[in-house]
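So the sequence lines, in the order shown, correspond to chains A and B. Reading the first sequence from the start, the letters are residues 1 to 353 in the working numbering. Reading the second sequence from the start, the letters are residues 1 to 290 in the working numbering.
These are calculated hints, taken from the structure and not from any lab test. These numbers come from a predicted model, not from an experiment. Errors might be hidden in some of the hints.
Claimed, not checked - No more than 30 Å apart at the CA atoms, straight line, and that leaves these computed lysine-lysine pairs for DSSO-like:
#1 B:K182 / A:K71
#2 B:K98 / A:K20
#3 A:K71 / A:K103
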Amino acid sequence: MSFLTMTNLEKLFGQNRVVKDFSLSVEKGEFISLLGPSGCGKTTVLRMVAGFESPTAGGITIDGKDVTGLKANSRNIGMMFQAYALFPNMTVADNVAFGLKVKGAPRAERDARVAEMLALIGLEDLGARFPFQLSGGQQQRVALARALAPRPSVLLLDEPLSALDAKVRVSLRNQIRQIQQDLGITTIFVTHDQEEAMSISDRIVVMNGGVADQVGAPFEIYNRPRTKFVANFVGTLNTFEVEVTDPTTGRVTLAGQGLSLPNAPLAAHVGEKLSVALRPEALRLGRLPDAEALLTAKVTDVNFMGSVIRLKADLAGAAVSLDTFNRPDTPPPVVGSEVEVSLSGRDFILLQA
Amino acid sequence: MPKQPGGQRLRLPLEWLGILPFLIFAMLFLIMPTMKIVIGAFQTADGSFTLQNLIDLNTDSIRSAYWTSLKLSFVTALLGCAIGFAMAAAVVFGGIPKGVRNPLVTFSGVASNFAGVPLAFAFIATLGPVGLVTVWLRTEFGINLRAMGFNLLSFWGLVITYLFFQIPLMILIIIPALDGLKREWREAAAVLGATGAQYWRMVALPILFPSLLGTFALLFANAFGAVATAFALTGPQLNIVPIKLFAQIRGDVLGNPNLGYALAFGMIVITALANFLYIWLRVRSERWLK
Ligand SMILES: Nc1ncnc2c1ncn2[C@@H]1O[C@H](COP(=O)(O)OP(=O)(O)O)[C@@H](O)[C@H]1O
Ligand SMILES: [Mg+2]
Numbered sequence: 001m002s003f004l005t006m007t008n009l010e011k012l013f014g015q016n017r018v019v020k021d022f023s024l025s026v027e028k029g030e031f032i033s034l035l036g037p038s039g040c041g042k043t044t045v046l047r048m049v050a051g052f053e054s055p056t057a058g059g060i061t062i063d064g065k066d067v068t069g070l071k072a073n074s075r076n077i078g079m080m081f082q083a084y085a086l087f088p089n090m091t092v093a094d095n096v097a098f099g100l101k102v103k104g105a106p107r108a109e110r111d112a113r114v115a116e117m118l119a120l121i122g123l124e125d126l127g128a129r130f131p132f133q134l135s136g137g138q139q140q141r142v143a144l145a146r147a148l149a150p151r152p153s154v155l156l157l158d159e160p161l162s163a164l165d166a167k168v169r170v171s172l173r174n175q176i177r178q179i180q181q182d183l184g185i186t187t188i189f190v191t192h193d194q195e196e197a198m199s200i201s202d203r204i205v206v207m208n209g210g211v212a213d214q215v216g217a218p219f220e221i222y223n224r225p226r227t228k229f230v231a232n233f234v235g236t237l238n239t240f241e242v243e244v245t246d247p248t249t250g251r252v253t254l255a256g257q258g259l260s261l262p263n264a265p266l267a268a269h270v271g272e273k274l275s276v277a278l279r280p281e282a283l284r285l286g287r288l289p290d291a292e293a294l295l296t297a298k299v300t301d302v303n304f305m306g307s308v309i310r311l312k313a314d315l316a317g318a319a320v321s322l323d324t325f326n327r328p329d330t331p332p333p334v335v336g337s338e339v340e341v342s343l344s345g346r347d348f349i350l351l352q353a
Numbered sequence: 001m002p003k004q005p006g007g008q009r010l011r012l013p014l015e016w017l018g019i020l021p022f023l024i025f026a027m028l029f030l031i032m033p034t035m036k037i038v039i040g041a042f043q044t045a046d047g048s049f050t051l052q053n054l055i056d057l058n059t060d061s062i063r064s065a066y067w068t069s070l071k072l073s074f075v076t077a078l079l080g081c082a083i084g085f086a087m088a089a090a091v092v093f094g095g096i097p098k099g100v101r102n103p104l105v106t107f108s109g110v111a112s113n114f115a116g117v118p119l120a121f122a123f124i125a126t127l128g129p130v131g132l133v134t135v136w137l138r139t140e141f142g143i144n145l146r147a148m149g150f151n152l153l154s155f156w157g158l159v160i161t162y163l164f165f166q167i168p169l170m171i172l173i174i175i176p177a178l179d180g181l182k183r184e185w186r187e188a189a190a191v192l193g194a195t196g197a198q199y200w201r202m203v204a205l206p207i208l209f210p211s212l213l214g215t216f217a218l219l220f221a222n223a224f225g226a227v228a229t230a231f232a233l234t235g236p237q238l239n240i241v242p243i244k245l246f247a248q249i250r251g252d253v254l255g256n257p258n259l260g261y262a263l264a265f266g267m268i269v270i271t272a273l274a275n276f277l278y279i280w281l282r283v284r285s286e287r288w289l290k
């Protein structure tokens, strides 16, 4: 049995079914992200695990024990909130010691643990400060230390980085991941930022309207999205209409060029139009020997971002996004120019609904 | 505007004009009367300097008047804070429907200003010797308040009457403070293993302490200075400082205005001491505030 299980969780607020038949098994030491747009029920799932909301139906177990009816203060969980959750009337050290203090741990043990935790987050010298004397990033690191100090069995993080500025956000997310791996603590991380979720998770749960659309490793979610929603929410997507020429072998045509789609046979008849998608990096500039098809595109926008150049172009009647790496010896194409684009049928993503 | 050469020019400080009415008001009704009281407390009837007025305060009757006033103010402030806090907490955190909150706040706004003769009359009409509630309890339930030792025109009668404006005042001031307690603090405490009581003792009350202290000081001053209610309720017979003061100014009993100034001076000193105590406690409890 998995370390943390949620089985057929459902939550109604009044008539509003916010979480619908949500099931998830998390292995010990795994880092799982709940990813989805605002209002899709991520926080509600997390709050049911924490014990702040009781599920309308379904159950939760932690380490083989049913905790569904247990109060928040007896679940031994660590939680980090979006912001401003440190106790403002306590110093950093007292904040970190709080969980041990309420459990009645002796002074010496508390002090030792606080020192250990502050060292872990790299704030050894700030124990005597009050929260208002810290930056947002420092406050969140203290919040992490406070959550970890009582050695919780599960760590829950509800968009802990969303109130920070971009640079701090990236460095802190890496630090959270590092600490999580060092301690081997089972973690659920809520975010609406797909890049954040992909960069630090073992697995991602993409949520949409209270249900889990897809669960999988970042590579899988990105490259083999199961639904249109997942494909669109995770990364950028170009969609095309192709015409089926042979369903058994997966042959289709796009702008007169033949391609072989993956997952043949296709559930379609000859002549049927299919909606397929391609990631921006699967459209490759230039004439490449391994490509199945070569099309001409007209550049409409050039966005030089450093190591990556993102182009917008008209291709086979569709407005597409196209990513290419910077090369010091080749200036990017100019707006209005025509470029050759190589693509292959195996890179296409077939989307359900 | 370009800088004018030739040094400074006189300019009408327009930005101060707005608070001019307040300054005039404070001057006329706060600073000047206070100066008059302080000076008057050290003057004889013909205007020469004396300490006799202050020495004259040291009589049994005046000492007990101060003592009773302090007790009354302290007790009504304490009870007002405790009861008002419980009511506000019930409204903000309890499962009480949203529809209760606004009427309660509106009522509190009215009741906290309900004082003086109308309030005294209302209480005499309900809890006085022949008041509605008194008579109703006696005839319907055979409960005789008077025989049980209750008398509206006494210390505890006055306490109950003062509570009618003290509790609403507390509610008005403390509800915003309770709203300021973040849900994350309660939840962070809970998830760290704290019980509700531990959260209140270690987090919520320390955070609220400055507000509670401030409200207590305000309620104390409110009761300490309230003369109209007390006088209207009990007449000159209850021995508290505002009534004594009233008597001196009106010249009913002794008719010594300078003794009246000394009485008022004593009140100013006590209020000032209470304020210093308040500020000192507040500074100590607010180290964590920006
Ligand atoms: N206590 C509540 N009462 C009523 N509706 C709620 C409550 N909490 C959340 N909701 C609703 O449930 C939906 C999901 O909320 P939430 O779980 O916070 O979404 P997310 O964290 O994904 O943004 C939202 O439509 C929100 O308005
Ligand atoms: Mg949320």
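Quiz item: What hints, given by number in increasing order, does this structure fail?
Solution: Going through the list in order, the structure violates no hint and respects every one.
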